[in-house]
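There are 2 protein chains.
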Amino acid sequence: MFGARCLLRALRFCFSAPCPRHKPSAKLSVRDALRAQNASGERVKVQGWIRSVRSQKEVLFLHVNDGTSLESLQVVADSSFDSRELAFGSSVKVQGQLVKSPSKRQNVELKAEKIEVVGDCDAKDFPLKYKERHPMEYLRQYPHLRCRTNVLGSILRVRSEATAAIHSFFKDNGFVHIHTPIITSNDCEGAGELFQVEPSSKIKVPEENFFNIPAFLTVSGQLHLEVMSGAFTQVFTFGPTFRAENSQSRRHLAEFYMVEAEISFLENLQDLMQVMEGLFKTTTTTVLSNCPEDVELCHKFIAPGQKIRTYAKKQLSNWGADLHTEHEKYLVKHCGNMPVFVINYPLKLKPFYMRDNEDSPQHTVAAVDLLVPGVGELFGGSLREERYHFLEQQLARSGLTEAYQWYLDLRRFGSVPHGGFGMGFERYLQCILGIDNIKDVIPFPRFTHSCLL
Amino acid sequence: MFGARCLLRALRFCFSAPCPRHKPSAKLSVRDALRAQNASGERVKVQGWIRSVRSQKEVLFLHVNDGTSLESLQVVADSSFDSRELAFGSSVKVQGQLVKSPSKRQNVELKAEKIEVVGDCDAKDFPLKYKERHPMEYLRQYPHLRCRTNVLGSILRVRSEATAAIHSFFKDNGFVHIHTPIITSNDCEGAGELFQVEPSSKIKVPEENFFNIPAFLTVSGQLHLEVMSGAFTQVFTFGPTFRAENSQSRRHLAEFYMVEAEISFLENLQDLMQVMEGLFKTTTTTVLSNCPEDVELCHKFIAPGQKIRTYAKKQLSNWGADLHTEHEKYLVKHCGNMPVFVINYPLKLKPFYMRDNEDSPQHTVAAVDLLVPGVGELFGGSLREERYHFLEQQLARSGLTEAYQWYLDLRRFGSVPHGGFGMGFERYLQCILGIDNIKDVIPFPRFTHSCLL
Numbered sequence: 001m002f003g004a005r006c007l008l009r010a011l012r013f014c015f016s017a018p019c020p021r022h023k024p025s026a027k028l029s030v031r032d033a034l035r036a037q038n039a040s041g042e043r044v045k046v047q048g049w050i051r052s053v054r055s056q057k058e059v060l061f062l063h064v065n066d067g068t069s070l071e072s073l074q075v076v077a078d079s080s081f082d083s084r085e086l087a088f089g090s091s092v093k094v095q096g097q098l099v100k101s102p103s104k105r106q107n108v109e110l111k112a113e114k115i116e117v118v119g120d121c122d123a124k125d126f127p128l129k130y131k132e133r134h135p136m137e138y139l140r141q142y143p144h145l146r147c148r149t150n151v152l153g154s155i156l157r158v159r160s161e162a163t164a165a166i167h168s169f170f171k172d173n174g175f176v177h178i179h180t181p182i183i184t185s186n187d188c189e190g191a192g193e194l195f196q197v198e199p200s201s202k203i204k205v206p207e208e209n210f211f212n213i214p215a216f217l218t219v220s221g222q223l224h225l226e227v228m229s230g231a232f233t234q235v236f237t238f239g240p241t242f243r244a245e246n247s248q249s250r251r252h253l254a255e256f257y258m259v260e261a262e263i264s265f266l267e268n269l270q271d272l273m274q275v276m277e278g279l280f281k282t283t284t285t286t287v288l289s290n291c292p293e294d295v296e297l298c299h300k301f302i303a304p305g306q307k308i309r310t311y312a313k314k315q316l317s318n319w320g321a322d323l324h325t326e327h328e329k330y331l332v333k334h335c336g337n338m339p340v341f342v343i344n345y346p347l348k349l350k351p352f353y354m355r356d357n358e359d360s361p362q363h364t365v366a367a368v369d370l371l372v373p374g375v376g377e378l379f380g381g382s383l384r385e386e387r388y389h390f391l392e393q394q395l396a397r398s399g400l401t402e403a404y405q406w407y408l409d410l411r412r413f414g415s416v417p418h419g420g421f422g423m424g425f426e427r428y429l430q431c432i433l434g435i436d437n438i439k440d441v442i443p444f445p446r447f448t449h450s451c452l453l
Numbered sequence: 001m002f003g004a005r006c007l008l009r010a011l012r013f014c015f016s017a018p019c020p021r022h023k024p025s026a027k028l029s030v031r032d033a034l035r036a037q038n039a040s041g042e043r044v045k046v047q048g049w050i051r052s053v054r055s056q057k058e059v060l061f062l063h064v065n066d067g068t069s070l071e072s073l074q075v076v077a078d079s080s081f082d083s084r085e086l087a088f089g090s091s092v093k094v095q096g097q098l099v100k101s102p103s104k105r106q107n108v109e110l111k112a113e114k115i116e117v118v119g120d121c122d123a124k125d126f127p128l129k130y131k132e133r134h135p136m137e138y139l140r141q142y143p144h145l146r147c148r149t150n151v152l153g154s155i156l157r158v159r160s161e162a163t164a165a166i167h168s169f170f171k172d173n174g175f176v177h178i179h180t181p182i183i184t185s186n187d188c189e190g191a192g193e194l195f196q197v198e199p200s201s202k203i204k205v206p207e208e209n210f211f212n213i214p215a216f217l218t219v220s221g222q223l224h225l226e227v228m229s230g231a232f233t234q235v236f237t238f239g240p241t242f243r244a245e246n247s248q249s250r251r252h253l254a255e256f257y258m259v260e261a262e263i264s265f266l267e268n269l270q271d272l273m274q275v276m277e278g279l280f281k282t283t284t285t286t287v288l289s290n291c292p293e294d295v296e297l298c299h300k301f302i303a304p305g306q307k308i309r310t311y312a313k314k315q316l317s318n319w320g321a322d323l324h325t326e327h328e329k330y331l332v333k334h335c336g337n338m339p340v341f342v343i344n345y346p347l348k349l350k351p352f353y354m355r356d357n358e359d360s361p362q363h364t365v366a367a368v369d370l371l372v373p374g375v376g377e378l379f380g381g382s383l384r385e386e387r388y389h390f391l392e393q394q395l396a397r398s399g400l401t402e403a404y405q406w407y408l409d410l411r412r413f414g415s416v417p418h419g420g421f422g423m424g425f426e427r428y429l430q431c432i433l434g435i436d437n438i439k440d441v442i443p444f445p446r447f448t449h450s451c452l453l
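Those protein sequences? They're chains Y and A, same order as listed.
Our numbering puts the first residue of the first sequence at 1, with every later residue one more than the last.
Our numbering puts the first residue of the second sequence at 1, with every later residue one more than the last.
Source of the hints: derived by calculation from the structure; they are not laboratory data.
Just to be clear, a hint being listed does not mean it is correct.
As the list claims (entries may be wrong) - Taking lysine-lysine pairs in the DSSO-like style, the calculated list, with each CA pair at most 27 Å apart, reads: (1) Y:171 to A:93; (2) Y:45 to A:171; (3) Y:171 to A:45; (4) Y:27 to A:281; (5) A:57 to A:129; (6) A:45 to A:111; (7) A:27 to Y:281; (8) A:171 to Y:281; (9) Y:114 to Y:131.
To be verified - Distance ranges between label pairs, derived from CB positions: (10) Y:138 to A:390: 25 to 33 Å; (11) A:172 to Y:107: 23 to 31 Å; (12) Y:361 to A:437: 49 to 57 Å; (13) Y:293 to A:401: 36 to 44 Å; (14) Y:289 to A:135: 48 to 56 Å; (15) Y:349 to A:437: 41 to 49 Å; (16) A:398 to Y:130: 30 to 38 Å; (17) A:78 to Y:390: 33 to 41 Å.
Stated by the list, open to error - A few chain Y residues facing chain A, derived, Cβ under 7 Å: (18) 126; (19) 183; (20) 228; (21) 244; (22) 451.
Quick caveat: nothing in here was measured; it's all calculated off a predicted structure.
We put the CB at the ideal spot given by N, CA and C, even for glycine.
Kindly produce the complete structure, drawing on both the sequences and the hints.
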């Protein structure tokens, strides 16, 4: 074995540049080219895909996009370049001078000296057509190409920014990141239908199960996070979760992402709601500040009803019956189309791990949901039952005592009051971008009857 | 639907503090308490688990740990506190004054005014014994408790730091993060044995397959990343991957994490190796700087042979036959126990997507592996075949033409030279920490015959 410092030294003399785009050559991303201040004829090289071609008498205008921003770079070429080769969708390398643009539409443009077509694109066969705005349903048929449209480009850049912002929020607040397992032998949380996992038929092993016991895809990392909050106090996970539900809804997927957090020594829902809000606000502020054009595109073209409204309000409600989608919608609407925290649900409707409020005759648990307009439940959380005997009773009631001895152990050895929550990441994106269908905010949607690529 | 700015405003007036640990109360994490400069009697509250108890004539010394650092906070209490209640493993809340410690072992200590036992811990039943250093094999039996030991605490804090550093490296270098799918219908990459996914037996649907086609757990996000590099130029993913291999090796798991990157307009292996090195160096530098004590603990107790050596060397080799573990080990040893890049493997040994070097009679592909001491293959990468006709031939040779029409499409519409790599995240941790068994660098290891919790 081998020390980290030793390995670092061993590699020190090999190369110095961290990344090809930082090489001495004047290779620039479109984003960096567009941001150039006082462009005054520097020779640069830009690479990307042609998004539009416009031919005038003496001049040819190209727009080149490399996915680093929504905006494309305008390339100006004289008529010596053959416009037939420079087709929509083709990939090109352009060398030239970065100059101030005479037009108000952009700050800079690239005066081409050399244009090389790297890969051409047959307009006849290419499913994306020049100057057409394709419906989202149409684009879903081409998961390998739709990311080259403006709208999917914007959504996926926002997704990437939000992912980074979520990691930063937790790191900045002292949370330890945990990879909770994807394959699990917990099958009885009651969080929905499960996918089972077995080696593919080609290699069936003699044993009944590869893992000796039935194994499933996780529906939540919560219980595993609780293990870790008993060592690190504040922990989070951000990974895929699964439901084998037969649903074609615009709010459900078979594979989706959850952000989950668990906090030890946390004693009331108010403290939990503060973290939920902190996460929502910090992430959203970062996204709005880092990719305003991408957010605006979604609001403008996808959700034209989208308006920046000015009222500010929140409702905290007690509730005495289970909430279905219709109820959630009603509640949000009734509260002025505002995000609504709903707290304290009846014990008999909720899973075994939620903390008993001991408030008979209502008999509720310390649960909290955050409902938002258009999407419904965005966050779900609760205090967890940290008292051994209460939890033992709940497990017995559900017939789960044997399977959850390890979970009871957490209450036998240095138990602490704690709580946590989960946020559906795709629903979060739907919410801030106003995207109607959840299938359009994930790169490769999986749902009943569909698993393309 | 509802705009992001609107939601932000709606939530603005509800709460202000981002996180409970920032509340006006003087609640401090152990890490922050230990870092306090000029401690001079501030009243603070610290929470955590008792790691040791030492009783002297008039004084009681406790060490309290909350997982925010390897080091515990020393609590000094007078004999009025009952030491029998303050047992190893119990959780406590301590209020008192933070003062300079008279001992050289620590800068500060907490003079207790109030100690509350939150959850006790029965030493008799607790599998972790006071003052014992348990073997790693023993700890693996208790995945729900082992994170409370010093060594697992350090490993998992390093894992969390490395995760954050990897996200930062790619963000800082302009890569877009992509969640590549976990469930996929690609079953023929030849990267190893597959797990198949079906709804659990309880809810077998009438159709043969939930997704209409057989679906598997991903073995790599590469092909999906290639889709995205055709839109965003530079992309990465960091997620779970799976192999249904019947292996009990110290280097293999059924579920493990891979960092994968894909870069468009990349034309030679040298540029790819620069990114691989940049990732390795930047991540390792960050880990060494942010948690030196955790790294040191691993080097000291787990890998006592670990030495910071001073030589610096690297080998680039051409190779003409397949490499097995023994060959890898030999190569690394032969090159002075240094990381070794091996490039240009025979085409007939490698998958269809690698770029043909057209260098007959050797006939190699532009592949690169980075081998490191003790671990073997840490990175694997290649240029991808971007030329339609070359790829078409390779697919035909492998009988995959029909299944990979979508992959051929990427070469029909604006194809670009590109390349990418994958790094095994657990192997990376093994490498920098000197941990012998891969099962000890992941929170919940899954392998043949084992899927605990």
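Okay, the hints, checked on the actual structure:
{"no.": "1", "hint": "Y:171 to A:93", "in the structure": "24 Å, holds"}
{"no.": "2", "hint": "Y:45 to A:171", "in the structure": "22 Å, holds"}
{"no.": "3", "hint": "Y:171 to A:45", "in the structure": "22 Å, holds"}
{"no.": "4", "hint": "Y:27 to A:281", "in the structure": "24 Å, holds"}
{"no.": "5", "hint": "A:57 to A:129", "in the structure": "25 Å, holds"}
{"no.": "6", "hint": "A:45 to A:111", "in the structure": "11 Å, holds"}
{"no.": "7", "hint": "A:27 to Y:281", "in the structure": "24 Å, holds"}
{"no.": "8", "hint": "A:171 to Y:281", "in the structure": "21 Å, holds"}
{"no.": "9", "hint": "Y:114 to Y:131", "in the structure": "26 Å, holds"}
{"no.": "10", "hint": "Y:138 to A:390: 25 to 33 Å", "in the structure": "31 Å, holds"}
{"no.": "11", "hint": "A:172 to Y:107: 23 to 31 Å", "in the structure": "24 Å, holds"}
{"no.": "12", "hint": "Y:361 to A:437: 49 to 57 Å", "in the structure": "54 Å, holds"}
{"no.": "13", "hint": "Y:293 to A:401: 36 to 44 Å", "in the structure": "40 Å, holds"}
{"no.": "14", "hint": "Y:289 to A:135: 48 to 56 Å", "in the structure": "50 Å, holds"}
{"no.": "15", "hint": "Y:349 to A:437: 41 to 49 Å", "in the structure": "44 Å, holds"}
{"no.": "16", "hint": "A:398 to Y:130: 30 to 38 Å", "in the structure": "35 Å, holds"}
{"no.": "17", "hint": "A:78 to Y:390: 33 to 41 Å", "in the structure": "35 Å, holds"}
{"no.": "18", "hint": "126", "in the structure": "5 Å, holds"}
{"no.": "19", "hint": "183", "in the structure": "5 Å, holds"}
{"no.": "20", "hint": "228", "in the structure": "6 Å, holds"}
{"no.": "21", "hint": "244", "in the structure": "4 Å, holds"}
{"no.": "22", "hint": "451", "in the structure": "4 Å, holds"}
Checked against the numbered hints given earlier, this structure breaks none of them.
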